[in-house]
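Just so you know, the sequences run in chain order B and P.
Note that this note's numbering has the first sequence beginning at 32, numbered continuously upward.
Note that this note's numbering has the second sequence beginning at 41, numbered continuously upward.
Derived from the structure by calculation, the hints contain no laboratory data.
As the structure is a prediction and not an experimental result, all values here were calculated from the model.
Virtual Cβ for every residue (Gly too), placed ideally from N, Cα, C.
Be a bit skeptical, because a hint or two may be false.
Pairs of lysine-lysine, DSSO-like flavour, derived with a Cα cap of 30 Å [to be verified]:
1. B:K87 / P:K235
2. B:K61 / P:K372
3. P:K258 / P:K362
4. B:K106 / P:K350
5. B:K34 / P:K350
6. B:K58 / P:K304
7. P:K362 / B:K34
8. P:K204 / B:K106
9. P:K362 / P:K260
10. P:K104 / B:K250
11. B:K34 / P:K136
12. B:K87 / P:K135
13. B:K99 / P:K350
14. P:K260 / B:K34
15. B:K58 / B:K99
16. B:K58 / B:K34
17. P:K362 / P:K372
18. P:K136 / P:K235
19. P:K235 / P:K104
20. P:K350 / B:K155
21. P:K249 / P:K135
22. B:K250 / P:K136
23. P:K135 / B:K244
24. P:K362 / P:K377
25. B:K106 / B:K151
Here's a subset of chain B near chain P, in silico, CB distances under 7 Å, partners left out [stated by the list, open to error]:
26. K34
27. L35
28. C40
29. N48
30. E74
31. T78
32. Q80
33. P108
34. R196
35. K244
36. L247
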Amino acid sequence: MLKLTCVICGRELSETNAQGICVYCGKKEKADYICPEGHYICEECRTAQPLDLIKKTCENTTERDPVKIALLLMKHPSVNLFGIEHHALVACSLLAAAGNVLTASGKEFNKRSAIERAIKRLEKFGYGSCGSTGVCGAAAGAGTAVSVFTNATYTSDAERSAALRAVSESLGRIASLGGPRCCKASAFISVLVGAEIFRQHLGVNLPRSDFPKPCLFIKRNRECLRERCPYYGAEKGG
Amino acid sequence: MRLLELNLEDDALALAVDETTLRSRYAGIAPDTLHVYRGHGSVFFSGELEDWANVSALKELGLKALRVNSVENKAVYSDPGTINFAITGPEELFKKGGPEYKPVLSEYQAIFEGVGEGLKELGLETRADPKGVYSETGKLSFGFPYWLTENFLLFRGCIFIDTKLEIASRVMITREKLTSVAQETGGGIEPETAKAAIMRGFERRLGVKLNPGSLLEKEKALMAKLHRRKYTTPEWNERGKEPHFSMLGEKLVEVYVANPPTSKCRELISLVREVVSRSQETKFLVWLRGAGEDQNPGEIYSPGMTYVSKAGMLPAVVVNGKVMFAREIPRKEDLEKAILSD
Numbered sequence: 032m033l034k035l036t037c038v039i040c041g042r043e044l045s046e047t048n049a050q051g052i053c054v055y056c057g058k059k060e061k062a063d064y065i066c067p068e069g070h071y072i073c074e075e076c077r078t079a080q081p082l083d084l085i086k087k088t089c090e091n092t093t094e095r096d097p098v099k100i101a102l103l104l105m106k107h108p109s110v111n112l113f114g115i116e117h118h119a120l121v122a123c124s125l126l127a128a129a130g131n132v133l134t135a136s137g138k139e140f141n142k143r144s145a146i147e148r149a150i151k152r153l154e155k156f157g158y159g160s161c162g163s164t165g166v167c168g169a170a171a172g173a174g175t176a177v178s179v180f181t182n183a184t185y186t187s188d189a190e191r192s193a194a195l196r197a198v199s200e201s202l203g204r205i206a207s208l209g210g211p212r213c214c215k216a217s218a219f220i221s222v223l224v225g226a227e228i229f230r231q232h233l234g235v236n237l238p239r240s241d242f243p244k245p246c247l248f249i250k251r252n253r254e255c256l257r258e259r260c261p262y263y264g265a266e267k268g269g
Numbered sequence: 041m042r043l044l045e046l047n048l049e050d051d052a053l054a055l056a057v058d059e060t061t062l063r064s065r066y067a068g069i070a071p072d073t074l075h076v077y078r079g080h081g082s083v084f085f086s087g088e089l090e091d092w093a094n095v096s097a098l099k100e101l102g103l104k105a106l107r108v109n110s111v112e113n114k115a116v117y118s119d120p121g122t123i124n125f126a127i128t129g130p131e132e133l134f135k136k137g138g139p140e141y142k143p144v145l146s147e148y149q150a151i152f153e154g155v156g157e158g159l160k161e162l163g164l165e166t167r168a169d170p171k172g173v174y175s176e177t178g179k180l181s182f183g184f185p186y187w188l189t190e191n192f193l194l195f196r197g198c199i200f201i202d203t204k205l206e207i208a209s210r211v212m213i214t215r216e217k218l219t220s221v222a223q224e225t226g227g228g229i230e231p232e233t234a235k236a237a238i239m240r241g242f243e244r245r246l247g248v249k250l251n252p253g254s255l256l257e258k259e260k261a262l263m264a265k266l267h268r269r270k271y272t273t274p275e276w277n278e279r280g281k282e283p284h285f286s287m288l289g290e291k292l293v294e295v296y297v298a299n300p301p302t303s304k305c306r307e308l309i310s311l312v313r314e315v316v317s318r319s320q321e322t323k324f325l326v327w328l329r330g331a332g333e334d335q336n337p338g339e340i341y342s343p344g345m346t347y348v349s350k351a352g353m354l355p356a357v358v359v360n361g362k363v364m365f366a367r368e369i370p371r372k373e374d375l376e377k378a379i380l381s382d
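With the sequences and hints as input, model every part of the structure.
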C-alpha cells in the first residue's frame, strides 16, 4: 500500500466518497482522497502540466495575497524544485492577486487575458537564463506582471519605469544571495518586490505578508544556500 | 570501512567490483568500502576516447580501453606498477578536515590528501589538489569521481608507483607532465609496499579504520552482472551506453503516477503489480509525481523515469530504464511482453 500524504499540508490522505473542492481549480466533485484539513486535488489538476496548472489556478482563485497563491502553486507536484515554471508563477500570482483586489473593490480587470499574456511573454525565458543572460526569469516575471497590468510598452513612461524597477530590484536582491541558483528564493523575492511595486506605484493594495521561514523546500534542495538565504532562518514553519 | 583486496586478474572485473560497492552501499546492504588493486595494462577513460587517448598507440600496444563513469573526462594508463583504488561512501565521509569547505572539490581533495599521506610515508613529499597529486616534477595520481544522487561518491583513482611512464606518456593525451614514485625516489619501492602505505594514508586522512573483508553473495552476483552486461561490452566501452536495472541488479519495473494517484494511475498500478508478481527477480517501484527520489530508499530514478518526470508524462511504465508506455493504460498482453520477456 502506498502511503499518501497531502501535498498542501503534509498530513496523511484517506480515501473518501465525500464531495471535495479542488484547491487549485475550484472544481466541486466526488473526491477519492482527502486530507484531515479537507484539501482535495481533482484528477485533472493532478496530471496537469505546470503552466496549465498556473493558468487554471490563477484564473480561478479569489485570493488577494500573491504570496499565498505562489506558495499553493509551488506545492503542486508538477512544479519542480527548479524550473522555468517559476517565471510564469511569479507573474501570474501577482496578476491574480491584483485582479482579485480590483474586482473586490468593484473595478474591472480582465484577469484571464492578463494571465494568458504574461505566460506567453515569459515563454522566451529559458532554463538557467539567470546564469546565461544575467536576467533571472522570476525577476522578469515580476516585471512582466507590472507591464501587463499597466499595458506598458517601450514607449511608456512611468509604467515602463515601474516594470523595469520590478525587475532591477528583484535582480539586485537575487544577486546578493549568491549562487547556485534557487528558483524558490528567486521567486519569493520577485513576488515580494512585485507586490511592493503594485502597492507603491500602481495603487493596488496587495496584502503585506512573507513566505514561511524556514523555507518549506529546504529538504528537497541539496544545493540550498543555507545561511546565505533569508528564508533558511528558523522563525516558524508555515 | 571495508577493505577489499581481491587480486583479480581482469581490470574490467575490478571496475565491476567498484560499481558493485557503490550500489550495495547505496542500497544499504554493505558498508563504506575501499577497493585497492594493481592494474593489468589497460587505459581507464571517461568521455570520448579519442579526445583523451592516442587510439592508434592503444591498438599498437594491444591495450584495452575501459570506460568508467565519471564527472571528469580523462584517460589514465594502468599497469602492474600502478595502484588503483575505488573508495565509496556518503559525502560526509569525505568532508573531514581541510581549512575551507568547498562542495564537491573538498571531497576530492581529502581523498588525494590521503594518497599524499601514504606517499609521504614512502619518503616522497607531494602536493594534493582536487584534481590529483603532484611532485615537484609532475603528476602521479589521477581521479575519476562519480556521484550517485549528488551525495554518494564512487571515487576511482590511479597512482603511478612504478608505472611504465614511456607507455603512459604515449597513450595519454594530457598537458601535464607525468611522473611516478619510482622516478621520484630512484626506485626500490615495491608496489605492494606502496599499497600498504597508501591504505594507511587513507586511514589517517579520512579518520577511518580499514577492515579486510570480502564481497557479499548478493554483491558477487551483481559484480558478475555488471562485468557481463556492462564492463566487457562494446555498447558501454565504445558507445557509453549502459544497461539499467535495480540498484542490486534485479529487473526494474517503475510506474510513474500522479500524486495522489488518479483512477487511471491506480488501475495501472494494480495491472503492473499483477504482471510483476509473475516475473522472477523483478523490483517494482511506484514513483509519485513530485515526491522526490527519497520515496524509494536505496533506488534512484532510471533514465526513463527522469525523462517522463521532466516531461510530465503520466501515468507511465518504465522497464529497465526504458519508457514502455506513457499516458495510457497498455493492453495486458503488451505489458506482459514488456515485463516478462528478457
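Taking the hints in turn, this is what the structure says about them:
1. B:K87 / P:K235: Roughly 64 Å between the alpha carbons, so the hint for K87 (chain B) and K235 (chain P) is violated.
2. B:K61 / P:K372: 29 Å, holds
3. P:K258 / P:K362: The hint holds at about 25 Å.
4. B:K106 / P:K350: 16 Å, holds
5. B:K34 / P:K350: 23 Å, holds
6. B:K58 / P:K304: 19 Å, holds
7. P:K362 / B:K34: 26 Å, holds
8. P:K204 / B:K106: Cα-Cα ~58 Å, so violated.
9. P:K362 / P:K260: 26 Å, holds
10. P:K104 / B:K250: 44 Å, violated
11. B:K34 / P:K136: At roughly 37 Å apart (the allowed maximum being 30 Å), K136 (chain P) and K34 (chain B) break the hint.
12. B:K87 / P:K135: Answer violated: K87 (chain B) to K135 (chain P) is near 46 Å, above 30 Å.
13. B:K99 / P:K350: At roughly 25 Å apart (the allowed maximum being 30 Å), K350 (chain P) and K99 (chain B) satisfy the hint.
14. P:K260 / B:K34: It is violated: about 34 Å lies between the C-alpha atoms, which goes past 30 Å.
15. B:K58 / B:K99: 19 Å, holds
16. B:K58 / B:K34: 25 Å, holds
17. P:K362 / P:K372: Within the cut-off at roughly 18 Å; holds.
18. P:K136 / P:K235: Roughly 22 Å between the alpha carbons, so the hint for K136 (chain P) and K235 (chain P) holds.
19. P:K235 / P:K104: 24 Å, holds
20. P:K350 / B:K155: 19 Å, holds
21. P:K249 / P:K135: 16 Å, holds
22. B:K250 / P:K136: 23 Å, holds
23. P:K135 / B:K244: Answer holds: K135 (chain P) to K244 (chain B) is near 28 Å, not above 30 Å.
24. P:K362 / P:K377: 14 Å, holds
25. B:K106 / B:K151: 23 Å, holds
26. K34: Hint violated; K34 (chain B) Cβ to chain P Cβ min 9 Å, cut 7 Å.
27. L35: 5 Å, holds
28. C40: 13 Å, violated
29. N48: 13 Å, violated
30. E74: Cβ of E74 (chain B) sits 4 Å from chain P, so the hint holds.
31. T78: Nearest chain P Cβ about 5 Å off; hint holds.
32. Q80: With a closest approach of 5 Å, the Q80 (chain B) hint holds.
33. P108: With a closest approach of 3 Å, the P108 (chain B) hint holds.
34. R196: 34 Å, violated
35. K244: 22 Å, violated
36. L247: With a closest approach of 13 Å, the L247 (chain B) hint is violated.
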